[in-house]
Structure formats: structure tokens, C-alpha cells
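Here's the letter readout for the chains.
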Amino acid sequence: MVSGLTVSERRLALVIAGLIAVCGLAMAIVGRNDLIGAHGFIVLAFSLGVIALVATRYLDPEPPEDRLSQYYDDPTKAGIVLAMIWAVIGMFFGVWVAALLAWPDLTFDAAWASFGRLRPVHTSGVIFGFGGNALIATSLHVLQRTSRARLPDQFSPWFVLIGYNLFCVLAASGYFMGVTQSKEYAEPEWYADLWLVIVWVVYFLIYIRTLQRRKEPHIYVANWYYMAFILVVAILHIVNNLAVPVSLGHAKSYSLFSGVQDAMTQWWYGHNAVAFFLTAGFLGMMYYYLPKRAGRPIFSYRLSIISFWGITFMYMWAGSHHLHYTALPQWVQTLGMTFSIVLLVPSWASAGNALATLNGAWHKVRDDATLRFMMVAAVFYGLSTFEGSFMAIRAVNSLSHYTDWTIGHVHAGALGWVAMITFGSLYALVPWMWKQERIYSPALVEVHFWLALIGTIIYVFAMWNSGIIQGLMWRTYNDSGTLAYSFIDSLVAMRPYYIARTVGGLFFFAGAVVASYNIWMTIRMSRRAEAAGRDTVDVPASAALVPGE
Amino acid sequence: MTFDHQTLVAFSKSWGLFYLIALAAVVLVYALWPSNRKRFDRAKNSIFNKDDRPGD
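Chains as they are written, first to last, in our numbering: chain A, 234 to 782; chain B, -14 to 41.
Read the hints as simulated data drawn from the structure, not as lab findings. This structure is a prediction, so every number in the text was calculated from the model and none was measured. Glycine included, C-beta positions come from ideal geometry on N, C-alpha and C. Honestly, I wouldn't trust all of these hints.
Listed next, the stretches of chain A that the computed footprint assigns to chain B, with coverage defined by at least 3 CB atoms under 8 Å from CB atoms of chain B [said to hold, decoys possible]: (1) 528 to 535; (2) 560 to 568; (3) 627 to 637.
Covered stretches of chain B, as calculated for chain A (at least 3 residues, CB under 8 Å) [said to hold, decoys possible]: (4) -11 to 3; (5) 13 to 20.
Make a model of the complete structure from these sequences and hints.
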């Protein structure tokens, strides 16, 4: 990977990693009496690791000039591997926190293993670690193929990928120590947030610079979704994390907003993180890898445009449905509820578009577990967007809010839609990236598919049951007008479902382990083939494809 | 006129509505404009122009 960089790019890498190492050292010194000092050492160790990696290959020969006539896929390959590592880590912690609810002793009396600290490791691990790396990896692939242009330079994609993973490491390690802003999906503190802004701006610039070099006249719809993901996440991240640190030597910061404004900003962020991180980016994946794998163009390109703008402009207003029956003004709640219902239109347009694309390719769906992953993802996307719109209705929300139904809804989306479309896309992408005819074992893809599907169904049904029972128990009154059940009664009623949920999660986790093994073995197949001297590449277009461009 | 909660409400309920309707109209016109059909058909088929697999 390093030997693919030019000498000047290697030098730039050393300089930037050196600067970050200095920042880490400064954090360690200034924050020596605070948790930020520990993070300083982590930043220092991380950047020294990068320096060591580059320095040992610094004197390798320069890559050949004809690399410029090929796509640059090294960061995508690394991103796929990182995504799978984070998938295993994040899902392992998911199973652990699920088990904690049934068997609370599993904290082993350690502060770092308490539910409140492990849970964000799970959520950030799967959303940002697994999802984020998969999004970066696939977006760089889709961007180059659909624009028919190579990435503008070789350094910035590495900066984005490695820098983003530094953010993920800071996030996860911080939670163990107790560093948190206590904002859902935005837990990392101010210094990690600032770092992510820099990484994210570079990511967006890669997109813009590559699109400027495109040889295709029209920007393929998948790129619109990816760009919406990058741009909107930047806006959300900056606004929601506006905060003033206690001092440069303290991890703690205070939000610029307070009270209900803070809650509204947080859930404007939180729901749009679902919308643009967990939906728009993965729709970008779907609109490229599903037609590609099915061998059929998207059913209606026009519909994909209409649903793109629908999603982009309506999701922005839906966040306040997280704050029904709170101090938030009634009209803002109603606004969020209304937009959540209207959102069903563009959401089902995308899900229907995907399924209609498969019309005529159902035999492939039957035979090919990779395509089946994507098909099931589209179905779960349709189901969970319907469920989401339904739960956003204030009266429904009065039953569902604060119960496990919400957790079931999130996981129908996260396991059924986000993870399934990612696994399907990665299974399609891995053989292309490592120049293999097929994945190491299609049989293991089949095994993974059933593990994932069974796991998701057990999980979601357990949480639906549990959530509705919980919601009903909390609102049942006896003859004298007081609550019929205590909170602990509802917990006892939840226990079988918590155990079922752990089992479902375990199935899903096992599937991710199988996937990692399968992908790793495919990479080894490619290394053996390379050693045997077989190499083929596909190339970007060298001239304009349409006369008059 | 003071800038308060009611101002925001009035703005959202009037201009917010108009801008979303206008936006929907623009998107529909763009997506359904007959002369754009060729460009969209080309785009949706463009991802098949060159395969990624070795040997193709």
C-alpha cells in the first residue's frame, strides 16, 4: 500500500503524521491531569504507528507512471478490511450489552464494562466503525467507476480513511474511560469532533475534485446520495457539537445550547444521522451495487431522482418526533410528525425501485446469496421506514417511546437494512477489488445470509413483543387509579425477551465473523494468484466518452 | 416588529410551505422533462459499460 505512493506523497504522509504526533504529545502534556492526557498518548501512539508504517517502505521504488491510467483502489481495499474489523468489534460489544440486560453481573465489577460505557462502544463501533468505513470504501469505488475518472491524488483518500479511524479509536477508547458528551451518536468530545471536521472536509473535497474530472456527462444517482451523506453529516456534526471546552487541557466541554433547544438540536442531529449516515449513504450503495449485481439497470432512474430530493428535503424536518410530549412546542412536534409521515413516499419509492429492478432477475436472487442480501435489505428498508413513520405519530409514540419497540425499530433498520446492504455490496465488491472470479466460498455467503436473517428476525420480534408489553404495563391503571405495575414488574416481564435478543444478536455476530473469514480468504486467494503472476486491471476512460464534452 | 417565537412560527407556516411546494415542482419538472430522458437512460446503463472483473 505504501509502495503505491510516490516519494513526495510518502514525505507528505510523514509530515502530516508527525504534526499529529506533536498534537498528541501536546494533549498528553497539557492534559496530564485529565482524561484528555490519555487520549494524547493514544493519538501519539497512533501517529507513530503510521510513521513507522510509511518509514519502513520509504525507500521502496516509486510506483510506475501507468498507475495514472488505472483506478486507485488501495484505500477501498483497506477500508473494506477495516470495516470488517469494526463489524466484529462493534457486534461483539452489541452481544455483550444485550447479555448485560439479562445477566447484569457480566460487568465483572469493572467501571469500564458498565452498560453506560459499553453501549456507545457498540453503537459507535457498528455505525461509525463498520458503517462509516464501508461507506468510505464503497464511495471511493463507486465515485471512480461512475465518473470514469481516477481519484485526484493518492494522499487525501488515505488521510480520510486513516484519520477517520483515528476518530473511531478516540471515540471508543473515550467511552471506556468515561469521556462522553452524553449526546446520542455524538458522544465524542470537542477535540475528536474538531478532528472529524478536518477529515470530513477533505473527504468532501475528494468527491468534488473527482467529479470535476469526470468523463461521464451525468453524475450517476449513487453519487448524489453519497454526496448528500458527506455534506449533511458535516453540517449536522458541526452544529450539534458547538461547545466550549472547560480548557484546552480538559476533555469536558459544555454545549452552546441548553434545555429544550439543546434537545431539539441533538435530535435534529440524531434523526438526520439516521437519515444521512444510515440511509442516504447506504442508498448510494444500493443504487450502484444492486443493479450491477442483478445485471439490470435501475427500474426507474427518474423515480430515483425524485426520491433523492424527497429524502434530502423532508428528513431535515423529521427529528422533532423524538421529542413528543416534551417541553418542545406542540407545533414543532406536529411538524416532525407530519414530515415523518410524508417521508414514507420517497422511502418507499426507493425500496420499490430496488425491488422492481429485481423483477426479471428473481432466479438470480434465488441462486445468489449476495444479491439476496441486497433484496432483503430493500425489503427491510421498506418495512422499517413504514414502521418509523408509524411510530412518529404522536399517539403511537405515547405507547412506543422509551420502550424496547424503539430498539427493535432501530435494529430492523440497522441489521435488516444497513448491515444487509453493506454485506451484499461488500460480497460483490471484494472479488472485483482483489481481481478474483468469485468470493472464496459462496457456500459461506449462503451460511452468513441465513445467520443474518434468522438473527435479525429473532431480534426484531423479541423487541416488538418486549416493547409493546413494556408500553402497556407502564400505562395500565388499577381500579383505584394508580399504576398497576411497578417498573421492576415490567423488567421481570422483559427478561425472556432480553435473552432472546441476545441469541438473535449472537446469530448476527456469528454471521459477521463468517463474512470476515470469507473476505480474508478471498484476499489470500488473490495474493497466491499474484505470486503466480496473474494480474488484470480495468482502466478509466482516457478521453471524453460523448462527443462535444 | 420584534423577532420572537411567533415570528418563526409565521415564517415556517407560510414561506416554509411555499418553498417545499416550489422545490417539489422543480424536482418533478426536472425528472420528468422529456428531453432529459436520453441523459437518464444513458446514465442508468452507464454502470454496465465496463465490467470490473478480471479478464473482461
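Against the structure, the hints:
Counting residues of the stretch 528 to 535 of chain A whose CB lies closer than 8 Å to any CB of chain B gives 5, which reaches the minimum of 3, so the coverage claim holds. With 3 residues bearing a CB less than 8 Å from a CB of chain B, the stretch 560 to 568 of chain A meets the requirement of three and the coverage assertion stands. For a cut-off of 8 Å, the count of residues in the stretch 627 to 637 of chain A with a CB near a CB of chain B stands at 0, and the three-residue condition is violated. Counting residues of the stretch -11 to 3 of chain B whose C-beta sits closer than 8 Å to any C-beta of chain A gives 3, which meets the bar of three, so the coverage hint holds.
Residues of the stretch 13 to 20 of chain B with a Cβ under 8 Å from some Cβ of chain A number 4, which satisfies the need for three, so the listed coverage holds.
In summary, the structure is inconsistent with hint 3 from the numbered list given earlier, while agreeing with all the others.
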